[in-house]
Amino acid sequence: MNDSAALMDIRNITLKFGGVTALEDVSFDIQEGEVRAIIGPNGAGKSSMLNVISGFYHPQEGGIWFRGERRPAMPSHRIARQGVARTFQNIALFSRMTTLDNIMTGRVTLMRPNLLTHMLWWGRAEREESEHREKVERIIDFLEIQTIRKTPVGRLPYGLQKRVELGRALAAEPALLLLDEPMAGMNVEEKEDMCRFILDVKEEFGTTIALIEHDMGVVMDVSDRVVVMDYGRKIGDGTPDEVRNNQDVIDAYLGVQH
Amino acid sequence: MFYREAGDFRTSYTDDSQTFPITFDRYCYFAILAVAFLVIPFLINDYWANAVLVPLLVWSMAAIGLNILTGYCGQVSLGTGGFMAVGAYACYKLMTAFPDLSIVFCVLFGGVVTALVGVLFGLPSLRIKGFYLAVATLAAQFFLVWLFNKVPWFYNYSASGQINAPERTVFGIAVTGPNVEAWAKYLFCLCFVFVFAWGARNLTRGAVGRSWMAIRDMDIAAEIIGVDPLKAKLSAFAVSSFYIGMAGAMFFANYLGAVEVTEAFGINQSFLVLFMIIVGGLGSILGSFAGAAFLVLMPVLLKNLLAGWLGWDTSIATHFEFIIVGGLIVFMLIAEPHGMAQLWRIIKEKLRLWPFPHAN
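Protein sequence lines, in the order shown, are assigned to chains E and P. Heads up: the first sequence begins at 1 in this note's numbering, then just goes up one per residue. Heads up: the second sequence begins at 1001 in this note's numbering, then just goes up one per residue.
Only chain E is shown next, with the shape it has when bound in the complex (with noise of 0.2 Å):
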């Protein structure tokens, strides 16, 4: 199963927050360009997973292999440089700046400030910032959160908010865009167009994606596979028809009689 056309490897990882076991030796791996949803009750760890992946917390035991390399510790700052990218569940924008800074600040990995140059605005610095610029603005089109371009993020209303977290995310031009739940707290209408900027996403720049998500109508329609986790263990992964089926997952979901 653990072919070398992954781009992520995630083997064995256990976590441990003092006594509390968050992950158990869970394994999985995540394609070139497949939508990889990973779904379970709350308090699974699906969440702590995503964590492990972007770098935030470091696991015990097992190891993450990106593009075939394994991945030694590092700080996640030097993660985001590798080409990994993620939104967060509870939005984590930067609430003063505007909606154009923000997502300008989502490509601090692809440029390289000089101090002095910046301070004169001049050469480099003027070209780089609107070299930037220029990708930024087709992301906003993208988005299409043209008329809140320069309206400082803190203002927007929630759903607004995530839109602009996914652009500060893409901006990045990761290789593995990485979303906590989201369409948490979004309308049918707000959801729908969420779950057409991923499948855009997608398609359109080719990203590998991995997101966790509650609503199952969602994750069935918008995944090419999916994990499922229960009290820190992998329980069920596969296709979302797999999954659908599997035993263990509608136990997970629906309760078990004992």
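Keep in mind the hints are simulated off the structure, nothing from the lab. Even glycine gets a Cβ: it sits at the ideal position worked out from N, Cα and C. Some clues are possibly wrong.
[Claimed, not checked] Here are the in silico distance ranges between beta carbons for each label pair:
| id | chain 1 | residue 1 | chain 2 | residue 2 | range |
| --- | --- | --- | --- | --- | --- |
| 1 | E | GLN31 | P | VAL1119 | 21 to 29 Å |
| 2 | E | ASN90 | P | PHE1020 | 45 to 53 Å |
| 3 | P | ALA1335 | E | SER95 | 49 to 57 Å |
| 4 | E | ILE250 | P | ARG1010 | 25 to 33 Å |
| 5 | P | GLY1308 | E | THR151 | 41 to 49 Å |
| 6 | E | GLY68 | P | SER1102 | 55 to 63 Å |
| 7 | E | ASN187 | P | GLU1349 | 27 to 35 Å |
| 8 | E | ASP25 | P | LYS1231 | 31 to 39 Å |
| 9 | P | ARG1010 | E | GLY185 | 49 to 57 Å |
| 10 | P | GLU1349 | E | PRO75 | 50 to 58 Å |
| 11 | E | THR14 | P | ASN1268 | 32 to 40 Å |
| 12 | E | THR151 | P | PHE1356 | 31 to 39 Å |
| 13 | E | THR151 | P | TYR1013 | 52 to 60 Å |
Here the structure of chain E is known, so what remains is to put chain P in place on it, guided by the hints.
Then chain P, alone, in the frame of chain E:
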């Protein structure tokens, strides 16, 4: 009517990201510059230079410095007075060690040394935040003042423990020392403040400033999207201290001419600069100027009003001055917690729609 963006077409991203996108604002900016550079030097006298304009420029520089650290990068510092002292003493040592060196270099050198010291005292910011960091920088304040008092080498073993600025010239005109003309020191400070305020604005609107603001608004998210917190925080400390150091050097060399460290660079100065940026607006270059203007001009204004026009006793006037300035700060913060810069921003937004407030 004239405050409109309509018809103002921008065809490049450089145009779109300029500091004054509205034509009227741009003209106002040029007009203010023209008055500051071409008119004031001819009208200025000693009173205006020493009581109003030079302190205003020096404190603006310090406020921009602290605003970069606290307003843009979110790291609270109470070490401003100490850092100003570093700039002043570094400038003094260089002035006296190399009498032929241009004063411009001496002031810049004061900034560079302070930047290094600032980075050193900024190291704790990698582990501690908020109030705790404020306390750590307070240590810098007390340590630095103690150091400059304790080690006679810093004040060249002078009997009084003071440092005195010798006369130095730019293009043959004295800008420091006892024989300096009002317009010369004003113009000297103005050039520095103009160039570096413009530099600060450029820094804060580009990638460097965005990294700082990202750390300020949400440091964990910033790190996960790829901002290196070490680089961002330490560069903020360095740039901020550079500005504060230059402010200290000008405070000593151009404004006072002679300083004694405990008196000139005590904890009061740290608080004064902090009040300036809070009243003026955190995270705004314009706010730094506004805050400095408020806290420099208000006492002068009140003194003239109470002691001059109303003929009060000077000591009573001084006490009332404290009360009124304190009251005004409280009032300002209740009226607009985000400072005068935010007030100006709101006015601009309203002006753009005037007289149709519901259009948009």
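Status of the given 31 to 39 Å range, CB of LYS1231(P) versus CB of ASP25(E): Distance hint for ASP25(E), LYS1231(P) holds at roughly 37 Å.
Consistency of beta-carbon spacing, PHE1356(P) to THR151(E), with hint 31 to 39 Å: Hint violated: Cβ distance 20 Å, outside 31 to 39 Å.
ARG1010(P) paired with GLY185(E), Cβ distance criterion 49 to 57 Å: violated, 37 Å
Satisfaction of the hinted span 49 to 57 Å by the C-beta atoms belonging to ALA1335(P) and SER95(E): violated, 22 Å
Range hint 52 to 60 Å (beta carbons of THR151(E) and TYR1013(P)) holds or violated: Hint violated: Cβ distance 18 Å, outside 52 to 60 Å.
Supplied distance hint 41 to 49 Å, evaluated on CB atoms of GLY1308(P) and THR151(E): holds, 47 Å
Pairwise beta carbon distance, GLN31(E) to VAL1119(P), judged against the given window 21 to 29 Å: At roughly 45 Å between Cβ atoms, VAL1119(P) and GLN31(E) fall outside 21 to 29 Å, so the hint is violated.
Verdict for ASN187(E), GLU1349(P) (Cβ pair) under range 27 to 35 Å: holds, 30 Å
Satisfaction of the hinted span 45 to 53 Å by the C-beta atoms belonging to ASN90(E) and PHE1020(P): Violated, at about 37 Å.
Distance restraint hint 55 to 63 Å, applied to the beta-carbon atoms of GLY68(E) and SER1102(P): holds, 58 Å
GLU1349(P) paired with PRO75(E), Cβ distance criterion 50 to 58 Å: violated, 40 Å
Consistency of beta-carbon spacing, ARG1010(P) to ILE250(E), with hint 25 to 33 Å: violated, 58 Å
The structure fails to meet hints 1, 2, 3, 4, 9, 10, 11, 12, 13 from the earlier list, while all remaining hints are met.
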